Every structure is written in C-alpha cells, then in structure tokens.
Amino acid sequence: MAELTDLTVAEAAAKIAAGEISAEEYGAAWRAAAAADELNAYLWTAEHAESLEPDWNGDGESAPAGEGEATPYGSNAPAPAESGPLAGVPIAIKDIFTTQGIPTTAGSRILEGYRPPYTATAVRKLTAAGAHVLGKTNMDEFAMGSSNENSGYGPVLNPWDRGRVPGGSSGGSAAAVAGGLAPAALGTDTGGSIRQPASLCGIVGLKPTYGAISRFGMIAFASSLDQCGPFTRDVTDAALLLGVMQGMDQLDSTSVGIEGGIELPTREDLAGLRFGVPRELGEATLDAGVRAVFEATVARIEELGGQIVEITLPHAEHGISAYYVLAPAEASSNLARFDGVRYGLREAGDADLVEMYETTRSVGFGPEVKRRIMLGTYALSSGYYDAYYGQAQKVRTRIAQDFDAAFADVDFVITPTSPSVAFELGAKTDDPLAMYMNDFFTVPMSLAGIPAIALPAGLAAPEDGGDGAPRLPVGFQIAAPAFAEQKLLEAAHALEGALGFEAAAGDAIPWKGGARHA
Amino acid sequence: MPEELEAVIGLEIHVQLATRTKMFCGCELSFGDEPNVHTCPICLAHPGVLPVPNEEAVRYALKIGMALGCEIAPRSIFHRKNYFYPDNPKAYQISQYDIPICGEGKLGDIRITRAHLEEDAAKTIHVGESGRIHGSAASLVDFNRGGTPLVEIVTEPDLRGAAEAAEWARLLRETVRQLGVSDVNMEEGSLRVDANVSVRPAGSTELGVKTELKNMNSFRFLQRGIEAELERQRELIGAEGTVEQETLHFDPASGDLTSLRSKEEAHDYRYFPEPDLVAIAPTEAMLQEARDSLPELPAARTARYEAELGLDEAQARLLAGDPDQAAYFEAVVAAVGEAAEPRVVANWVTGDLTAALRAADDAERPAVQPLADLIGAVASKQVSHAGGKQVLAILVADGDADVAAVIEREGLAQMGGDDGELAGIVAAAIEADPAAAEQIRSGNGKAIGAIVGAVMRETKGRADGGEVNRLIREQLGL
Amino acid sequence: MIDREQVLHVARLARLRLDEAEVETIAGELSGILEHVDRIRGLDLEGVEPTSHVVHLENVLRADQPWQSMPPAVALANAPEPFDGAFRVPSPQADAD
Ligand SMILES: [Mg+2]
Ligand SMILES: [Zn+2]
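Residue numbers (the working numbering), protein chains in the order written: chain A, 1 to 518; chain B, 1 to 478; chain C, 1 to 97.
Hint data in this document are derived by calculation from the structure and do not stem from the laboratory. On a predicted model such as this, the values are computed, not experimentally measured, just so you know. Yeah, the Cβ is synthetic: ideal placement off N, Cα and C, and Gly gets one too. Be a bit skeptical, because a hint or two may be false.
Unchecked claim - Which chain A residues stay away from chain C? Per the calculated CB distances, all over 12 Å, these:
{"#": "1", "residue": "A18"}
{"#": "2", "residue": "I21"}
{"#": "3", "residue": "E38"}
{"#": "4", "residue": "T312"}
{"#": "5", "residue": "P328"}
{"#": "6", "residue": "E330"}
{"#": "7", "residue": "G465"}
{"#": "8", "residue": "A469"}
{"#": "9", "residue": "Q486"}
Claimed, not checked - Covered stretches of chain A (chain C as the covering partner; in silico rule of three or more C-beta atoms under 8 Å from a C-beta of chain C):
{"#": "10", "stretch": "253 to 265"}
{"#": "11", "stretch": "317 to 327"}
{"#": "12", "stretch": "352 to 366"}
If we strip away everything but chain A, and leave its shape as in the complex, we get (with noise of 0.2 Å):
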C-alpha cells in the first residue's frame, strides 16, 4: 500500500476518478494508517465508527435529508458524495468541527462524550465533493496552544523527532499529515495555530482570508480571528481544499466566499512579482537556523524572478499583546456556554447552581483554558475594558493600516513562519509567556485578517539539540492581501517547486518512513 499512501491528494482524486486505482483500496489504506496512529494524533478514527449507532432523531432512525446549507440540523448527506473533486478521499479533521453523531471534544475534557446534533458547514463541503471523514485529531483543548501539550487527551508528539512538540493547536492535524496518518488534514488557526504546527511539521499549511470559508460548526474560540484551513503535503492539495471549501454560507454572517472561486496553481516564477521584507525583522528574537532558511528562501525568490523590497510593519510588534487581550476576551465569552446544563460534563450536579457552574468548569477545563478565560474576563470587566480591549482593537486597526500600507507598495508580505524549530516536549510548559512568543509572525496576518501561507522551506538544527541533533523543518510564510489567494497560492506553488523541500530533506520525511519510527 506505501504507493497509494505515496500519492498527494490531488493525484489520488485523479486517478481514482480515472478508474486507475480502487477508492476502496485508497480509503482502506489510510484508515490502516491512521490507526496505527502512535503520534496521539487522532482522538477519534473511523474504525471506530462501526460502533456508534447513528440514531439521531431519537426513534431508531437516522437524521432526515435536510434542507441544504440553510438548516443546520437534519442537512448531513446520509454518506459523503459518490463524486466530486475529493471523491474517495479520506479527511483528518481537527476535533474543533462540529461531525453529527461523531465525538467532537475540542481537546476538552469537558466535551467527553459530546456527540453533535450537526456537522460543521466545512466538513460538510468536504464531504459534498465525495471526501471521508478519516479521524478527529488531536489538539491544545480549544484551540489554546502552540504546542499541543494543552489538550485534556495528552499531547500529540512531532513525527520528525517524538521528544518534540508538533505546534499547535492544530498539533494533531499537522502530525497526522507530516506522520503520514493522513493526506490532508482540517485545522483552524486563531494567531497560528495552522501555520505554526505546519512550520514544525514541515509541510503546508493555509490561513485563508478571515470569511473565506464559514465558520460554521467550528467550535469558536476567538471568533473575530478564528478561520479554518487545510494541511497538505503540497500547495496544490491546500488549493484542491480551499476550492471546495470556500464559499458564503447562510449560516455564517461573517462569511464572504472566495469571488470566482480557486483553481489549482499551475506558476513556476515569479517575474514580475515583489515581495515585502519587514524591515522590524532584522531585531526580531529568532533562531540562527530559522534565519539562515529565511535568508536562502529569499535567495531563492529573487532566482525566480521575484523582486525583494523591504516594507516596515511598526505595529506588528504589539500584535502579540493586542491578540493576548483580544483572544482570550472573545474566548472567555464564547467558552461561557460549558456550564453543565444542555450538554457535556456535569459535576456537583445536585448541588446550589453556582456550585455547579463552578465545579463543571473546574473539573472540565486545563489550566490553560482558565488562564485565558481569567485574563479575557479581566479584560472586558468593568473599568479595564477601555485599557485593554479598546486599545488592544485600536492597536489592531493599526496593524491592519500597516498592511495596507505595504500592499499599496508590494504584492506579499513574507517572514519565518516561527522564530524557532520544533522544540521540546515540556520545554515552555512553565512559562505562558515564552509559549505565546511562538505566535509571533503569524499573529499580525490573523489581526489584519488576511491569508498567509506556511511553506516548509528547509532543515535547520535546533538551538536546544545538542551537537549532531537531527535537523527539523522550518517554515517560511508568505501573507498576501485579503481575497488573494489565488495570486498567493500561484506564487507558493512556484516558490515551492524551485525550493523542493521534499528532495533536500530526503529520508528524513517522515511520511516516506524517515524519522516515523524513531
């Protein structure tokens, strides 16, 4: 089976949609993948579907044919699609989207056991253009994480090195991509949380403009920010992904679509095209290794014919302070709804209501998730909501001008994807601070809500290894203007032919068996 898992997603579709290999086959071998899962990437997998009985009107029926995309209840096609771009595909999907009558936790202990009455608009689509639901992976317990060592279900480890963390929140997607558990894979990204595990895990991974797809069904953890995307081997897949889920939905009043839709990026230069260097990176905290990948990714753009032009994001430095009052304020309202009474744990259940209320969330939440509710609670309380939330608002109107700004001049922005290869596993349990330094280039985009593209760009050795440390991915991100992402996937797709990645790192690739077993 290795040459069926070998395939990218875009070649299986096409061959299977060819008649030339069995989507029976294709599907069976990824399911044998993913469950001989030893990453703590999926929470959930579809062998373990056959023992979920899917009575979901409550009379030994299963739900009705619903109304399409306007009715959130009863709208699951019974099975996904017979055809389609993705038929026969199957589909890792983070544990943040809502699947009916499937597990769904968002890594919290307090969702255990939580089966949804509807799947989430993206997963929907997925499986409208004939894709599976392969698994639901693992990730920091609402989305709240860098590295994955949030989630109430363990951490997920990094395919390339196990003693490493693989990112996060979107740990268990990314792992299951790069560790070949999974072709593609769901995740959702916040100030990161796409970008930064895809960057650890040395594949791609896409924050499309916040809007573009819906974000239906995608348990919320900052709602302003959150916006799903894929994990793929290769930038044509993330295309193939974002072309079937993009659109307006009717459930989603946030959600724009992608006007003309995407198709599969076919450039191999980049006459013609300038790319803006911050010119605030030059004193950013990153690794040598990260900046020496950086530097030849830059290289490399100018071979292509692209045009290196240094731009100046002033505010960008404060994006971090701005997300970390803005995130956990959204997030301490959107996670208010755990409170023991319609679904998920109950604790003290016999007890005075407040007694409850304080139990259900003590017992059911990590201590990450209390950190950001307490701080996004503090934000938003009376007398600090103008010093935090306001001036964190304003400081993102300023960063989104910077952007601006720079577009007037350039057509992408680009910078490391993390200052830091994958590190390890507990190295910055103890220091939230530290942790939340990991966001640091990708958290801008998600404030100006523009789309950014993680591509894995090189091998670097980790500051923290030791001599003769295996080398681990790095990350180079390339953010274009908001809607554009035809024009920033068709620049990926050249700059990522020209870098070849998957040759220079050789054996080493995880999903071609490297490091899987080490």
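Chain A is already provided as a structure; the job is to place chains B and C with the ligands on it using the hints.
Chains B and C with the ligands in isolation, oriented as in the chain A frame:
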C-alpha cells in the same frame, strides 16, 4: 413636616415580536407547546453555532422605532451581555448596547430613550419538591421561548404618578398592537413592563435612588405595584431612612414587594461587540418600507381629531385609541356630511351607541349609513333626541334597518308646531294643571317642568323639548 | 499587579473555582502576561477607530422562514440531567438575572 416628595418613574418594556421564527435561528415561535420541541443547535447554544438575525424582526423594530418617533440609527451593532443563568444558554444574551437600532423618540408627552433588538431567555420552571434530585430543589429549563425576538423600549423618567404610568403603558400597548408586530399580551408575557421608581423633593431636578419593579403582568398590577413602591419609599424617607437600589418583585395577591437581589454584588456584564454578527445599516428601501407600512397611530389620530374635527382632547383620545371604532366614526362622519357636526357624531358614537351596544349584550355596530341617517334626522328635528335613542335600539338589533321607515312605523316623527296638534296637547296639559300654570305665571320657572313632563308623556317623546317650552310660554302669554 | 482579590473576583465572574495554589499561580502568571500586554496601554492611539471585525459586511439577515427543529430526544440526547423533556438544573438561589 416632611417636604412633598414627587414621583419619578421610567418604564422598561419588553415586547415579544410576533415573527414566525426566533431572532437568530429558524425555530418556530410557540406558546404553550411541549417543552423543547422548538430547539435547534443554535438556540440550544451547542458548540460551534453562529447566529443570523431575522430580517422580519429588524423590520418590526424599525416600525416600532418610527411609531415612537425614534431616530433610526444609520448603523447599529449587537453586543454580548455576559452572565450565567440556566435560561441563557450561551451565557451571553445578544443585545444592542451603545448603538441601538432606534434612538431617542417620544410617545405622547413621554420621551423614549431608546428601543433596541435582543433575544428572549428560555423558561425556567422551578419544580421544588417534585423535581428534587436528592434532597435539593431543582429547576427545569424549556428552551422553546429562548431566542424569541424582543424589542426593549426604555423611557426617560418622565412619568409622575402610578396612574399616569399605567395610562401611558396602555397607549404604548395600543400603539404596538396597531403596528401588528406583537400580541402585546401582558398575561402571556408578550408585553412585559418593568418600572424604575424613585421619589425626590418636589421641584428638584436631581434623581433619587431608584428601585426596579418586576412582574406586573397587568396594567392594574403595574399601577398598584408602583403605588405600593412609592408609598414605601415615601415612608422610608419620612422615617429618615434611605432607599436602596434593588430589584423588587410585586405580588399582586398580597400587595407585597420582595427584594429579588441586591445590586450590591454589582453585575458586570462585560459587554463587547458581538463578533459573530455584522452591523445593521437600514437602507433607504428598508426605511421606506417600514414607513409605508405604518398605520395611523393613536397619538397622531387624536391630534388630527382635535385639529381637523374640532373634538375635545378626551373624546378624541377615546375614539382614537380603538382603531375599529375610529374607522367607524370616520365613516359615519363622512356619511353624515353637512347634516351634523363631527362633535355630534362623536357624542353619538362614544355615548348613546356605546350604551346601546352594551345594553344589547355587546351587539355589533349598525351599518354606517343607517346611523348617519339617524344622526341627520335628529339634527334636523325630524325626530327628537329621545325618539332617536329608540330608533338606535332598533338599529342595534337590526343593523340594516331603514331609519325613515322605522320612524314612520314607530310613530316617532317629531311633532312640529305647524299642524296644531302639539299646541292642542300643550293647551290640554295647561288646563289639567292650573296650579302649575299659576306658579309659572307668577315667575317660578321651575314649575314648567311639570307641564313639559305631561306633554312628553302624552306624546311618547315625539315632541321636541324646546318647542314644548316655547308653546307653554306662548300660551301662558309670557 | 493583579492581586489575590482581583483574581477571586474575576474567577467568580467566570464561574471558575480556584484552589489556594491556583490563585497564587494565576495571579503571578496573569501579572506577567499583563506586564507584557501593558506596553500597548502606553501607545498614543487617540482617534484611532477600534476594529472589532475585519469583515465589512452589513445587513446580513435571514428570511423569517421556519426550519426543522430537532426532535426533543435529539435536543436532550447530550443532556447531563434530562427530566420530563426538559433540562434539569439545581435551583438558582437569589442569583437571578
Ligand atoms: Mg433587555
Ligand atoms: Zn433554534
């Protein structure tokens, strides 16, 4: 002697909108159904769901705003009001906060502060003993009502008494009812009126500490609740005490006010802009549509009746408050034409007709033309007022009766002076009561009543009182 | 910078119960984070419009058309304490809103 304490009252009114579906999801509205049959992932606040506002609710809010003369915000947004309670499934209510859809307005003499859109809470039923889990009382939550669209209307503290507050609330109810946007039923909770009550030394412009009164599910209870609270506050201040800011529950059965909670542990709702929703910016088309759909409302109609029809204010308000009666009144005025003043028509409609309908067990109003004919006949003295009332009783029983034929058949045609018949009856009555005639001659004007009464009895009311008086005086040489 | 009392107040608002050790830890951690975050408090952003949303849509509304609600059994399928077709909770004390 304590100084005079003036009442200062403002109202907060929650109006449930009579849309088909909830504010942010497509579940149908219901009243009295089995629990939890109108729920979906959205109104149960399952993880991952998002709200989408109901277009009709926005339309209704615009209509209410226009009816209350409010400034419509060019761009309004929703906020989240965060608090934990079992009837609040998201643990935040989506409500409008600093930029409501309807800003300042006025209804009657009372200023409106704002009117905004929000969602209703679910229903919590306290089951006490029967619902005990293991020894402690429990509540059951039914989410059918949760998410029903509401418009909350807030007034300035312009009301100066309990009766005035209740009367103004009735005007508001009637206004909203005529817009067709709500059932406005206080008992069923589709109209809920809370009162903010305080007192202050008469003439002062400062506001005293206010209390909030809840649970007054009729206008009568609203008035009684405010009266009771005003009395309590006046007594408290009279005894050198201070009013504490708190929420009070009025029990109409006992007349008691009980504190629901003190505001000491101040609620901190942590309002912030709802990131799941975009702004509402009514387009010219939306505004025009709302404007075009507005009926003429009681306050405007009252003003028109005063200005154009010459009615006094009390009568104008009485007619204008009931749109059916107002329409009937206006039709009769048109049919009567020049034959009688609108004021006379108003007297008939609000006076004799209302009494006749009530006397006939709330019968239907007669057709417009017969009543107009009758009013014309009385005005032109073809029939006396007393005779007219007899015709009216027949019209109420048979709404299409021909007035002229009824007058003829019942022999109610008014007696004039021309044929000498009435003069003959007057002469006979004077002759029959010489003592009275003498008194009249000697200047006792009151004595004329005895003779008039005799004539009326004889004529069975067909005679015009003025004419009888004239004939008596003429025949007595006065 | 954020003291014990504030931590307890915020925890109460958020319906979280913290034990003594957690109160200490969280007070320290929040202070550390806020110290970093406080750098934006010093920025002069007078007159800058706050951005609560990057999407510039308006009037995204839904037609007033009923959709299929869930059967009560589905609504209650995840309920920790279903009772008589409703969700049972401990009785609220005088803490109502
Ligand atoms: Mg309200
Ligand atoms: Zn609903």
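Hints numbered earlier in the text: which of these fail when held up against the supplied structure? Per hint list: 5, 6 violated.
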